[in-house]
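Student: Read off the chains here:
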Amino acid sequence: MEDSKVGRAKAKLALIMGLGSVSLVLLFILSISSGAMDIPFKDAMDAVWSIIVNGVNENDKFELAIYYLRIPRALGAIAVGIGLATAGAVMQALIRNPLVDPYITGVSSGAAVGATMATLAGITLFGDPIYSLPIMAFVGAIGAFFVTMLLAEAAGGRPIAYVLGGTIIGIALSSVTTLIMYNNSDKLHGVLFWLFGSFSSMSWTKCLIVLAVVITLALIMLLYAKELNVVLLGDEQARQLGMNVKRFKPIMFVLVAALASVSVAFTGVIGFVGLIVPHLARMMVGGDHRVLIPASIMVGANVLLLADIVCKTAAEPAELPVGAIIAVIGAPFFGYLMIKLGKEYVM
Amino acid sequence: MSCDEELTVRVDNLSFSYGTKRNPCTKTLKGITINARKGQLIGIMGPNGCGKTTFMRCINKVLKPQEGAVYIDGKDVDRLKMMEVAKICANIPADVPDDFHLSVEEFVALGRYPFVTGIWWEGEKDERLVREAMDTYHVTHLKDRKLAELSSGEKARVLLAKGAVQQPKILLADEPSAHLDLKFKLQVMQALKDLSRQGVTVITASHDINLIAKYADLVIVISDGGILSYGPPSEVINEEVIRAVYDVEVTVIRDRGEIFVIPMKPVDPEKGDDEDTRPCEKGIVAD
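If you read the sequences in order, they're chains A and B. Under the working numbering, the first residue of the first sequence is numbered 1, with each subsequent residue one higher. Under the working numbering, the first residue of the second sequence is numbered 348, with each subsequent residue one higher.
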C-alpha cells in the first residue's frame with residue numbers, strides 16, 4: 001500500500017473525532033453531575049438513567065434539576081462551542097486572515113447592541129417577549145457583520161481591512177451599548193448577565209434552536225471544506241482552478257454570519273473561542289479544512305463545555321460568567337500563540 | 348495551414364482595457380494576434396506595465412477582453428466554463444500567500460481540484476499524480492512542511508509541481524523565476540522546457556532576456572499594449588528591438604546558435620521616457 005495523503009487525513013479525522021467524542025461524553029457526565037444543587041455523582045447517574053428509561057419524574061428534584069437545567073445547559077454549551085469554532089475557522093479561510101473571528105468581525109458587539117436595546121430600551125421586533133433579546137441580538141449581530149464586510153470590501157478587501165473594519169465597528173457599537181446602559185443605569189442587571197456571557201438561562205427550547213441551526217450550518221460548511229482549501233490561495237488563483245469565487249464567498253459569508261449570530265444570541269458575548277479554537281485545531285491536525293473543521297467542532301464543543309463546568313464549580317455556590325472566564329484564559333493563550341506562530345503567520 | 352490541429356492557443360485581434368472612457372489608455376492591450384502550437388515554449392517580453400500579465404489573464408478567462416477572442420483547442424474561451432478552462436489551462440503565479448497551514452503535499456493536491464469528482468477526497472489517480480509531480484520536481488522530502496517554511500527555490504519547485512499536477516495542455520507562468528538565484532532560474536526554465544517537450548504549450552512572461560533567448564521557441568515582445576515583434580529568438584532578440592522596448596543600449600552576441608544579451612546603459616532620456624504618456628501604438632499582427 002503506497003503512502004496515501006487521503007488515507008492519512010482520514011486516519012487523523014477518525015482519531016480526532018474518536019478522542020473528541022470520548023472526552024465530550026466524559027465532560028457531559030461531569031457537567032450534569034455538577035452545579036449549584038449538591039447532587040452526589042451516583043444519584044446524578046441514577047437520575048439520568050431513570051430519565052432515559054422512565055421519562056422525567058416531576059416529583060424528583062434531582063431529576064428535575066438535571067432534566068430542565070443541566071442537560072439543556074450542557075447541550076447549549078456544546079452547540080455554542082461548535083458554532084463559534086466553526087464560524088471562526090470558516091471566517092479565517094474566507095478572509096484569509098488568521099486573526100478574524102466572530103468577536104473581531106463585529107458580530108459580538110452588534111449582538112450586544114441588540115441585546116441592550118431589547119432589555120433596556122424595550123425595543124423589540126416580533127415574537128414572544130422571552131425571545132426579544134435573542135432576536136434583537138441576532139439582528140444586531142448580522143447587521144454589524146455585514147457593515148464590517150461592506151467597509152472592508154470598500155477599503156479594497158485585503159485581509160487586514162477586515163480586522164481594521166471590525167475593530168472600528170466594534171468600538172463604535174460598544175459606545176452605543178455604553179450609551180444605552182448609561183441612560184438606563186437602573187435596569188442594568190437584566191443585560192449584564194447576557195453581556196458577560198452565560199449558559200445559565202438555557203432551556204430545552206433555546207438549546208434545541210441553537211443546536212439545530214448550528215448543526216445544519218456546520219454540516220453545510222463541511223460539504224464545502226474542499227472549496228475552503230482552494231479559497232486560501234486568494235480569489236484569482238481560486239478562479240483559475242475553476243472555482244466560482246464570486247458566488248461561493250457571498251453565500252458562505254451569509255451562512256457564517258448566521259452561524260456566528262445564532263451562537264451568541266442566546267448566551268451572550270463569548271470572545272476568543274472563535275479565534276483560538278481553530279488555531280488549536282490547526283496545531284493538532286494542520287490546515288486542510290476537511291480535517292480542520294471537524295477538529296474545530298470537537299475542540300470547540302469540549303472547550304466551552306469544560307469552561308462552563310469551571311464557571312459552575314470554581315466559586316460554588318456562586319457562578320462565574322463564562323465569557324469572562326474564556327477571555328481571562330484566552331487572552332494570554334492567544335498572546336502565546338502569536339509569539340510562537342508569528343513566523344508562520346505572516347500578517 | 349497544415350498544422351491547424353496542432354494549434355492550442357489562438358489569440359485573435361484581442362483588445363483589453365482596464366480603463367474607463369475618461370482614462371482609456373493606461374494598461375491597454377490592442378489588436379493582439381498570436382498562434383501558439385502544441386509543445387511550444389513562448390516567452391513574453393516587455394517593460395513593466397506593458398500588459399504581459401494582463402495578456403496572460405485574458406488567455407485563461409480571468410479577464411474578459413473587450414474585443415477579439417481567445418481560442419483554446421479551437422474552442423472560444425468565452426464560451427467555456429471556468430472549470431473547463433481549469434482542466435486544460437494551469438498557471439504558475441509568481442508568488443502565493445503562504446500564511447495558512449497547508450502542507451506542501453496538500454498544496455500540490457489543490458492542483459487536482461478541477462478534476463476531483465467526489466465531494467471531499469481526491470481519488471487514487473489524483474493521489475498518484477500528486478506523488479509523481481512531487482517526485483519530478485524533487486519536493487517529496489518537503490511534503491509535510493508548511494509553505495511558509497520553504498526557501499524561494501523550494502517554493503518555486505512546489506509551484507511547478509502544482510501546475511504540472513493539473514496535467515494542462517497550456518501552462519501560463521508569470522515571471523516564474525523572478526525571485527530566484529541563477530541555479531533555480533535555470534532549473535525552473537529547464538522544467539518549463541521539459542514540459543513543453545512533453546507537448547504542453549508553455550507561455551511565460553519574464554524580464555530575463557537571456558533566459559528567454561536560451562529557452563523560448565518563440566518570443567513575443569509587447570510594448571505599449573501591442574506586439575512589437577514576434578518570432579524565434581534569433582530573429583526577435585536584437586539591439587534595435589531591445590532598445591525600442593526597454594530604452595536600454597545592449598550588445599547582443601551570437602555564438603554557435605546561442606544568444607547573449609549584455610546590458611550596457613540606459614538610452615538618453617531626451618526623447619521622453621515616461622511610458623504611460625506615450626500614445627498607444629497600433630498592434631502588429633503576427634503569426
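One or more hints might be untrue.
Said to hold, decoys possible - When the alpha-carbon atoms are kept at most 27 Å apart in a straight line, the in silico BS3-like pairs for lysine-lysine are as follows:
(1) B:428 <-> A:226
(2) A:5 <-> B:493
(3) A:10 <-> B:493
(4) B:385 <-> B:516
(5) B:532 <-> A:246
(6) B:532 <-> B:516
(7) A:10 <-> A:42
(8) A:226 <-> B:385
(9) B:385 <-> A:12
(10) B:385 <-> A:10
(11) B:532 <-> B:422
(12) A:5 <-> B:385
(13) A:340 <-> B:493
(14) A:246 <-> B:612
(15) B:472 <-> A:10
(16) A:246 <-> B:385
(17) B:493 <-> A:12
(18) A:10 <-> A:226
FYI, nobody ran anything at the bench for these hints, they're computed from the structure.
Student: For this structure, which hints from the list above don't hold up?
Tutor: Violated hints (numbers, rising): 5, 7, 8, 9, 10, 11, 12, 14 and 16; every other hint is consistent with the structure.
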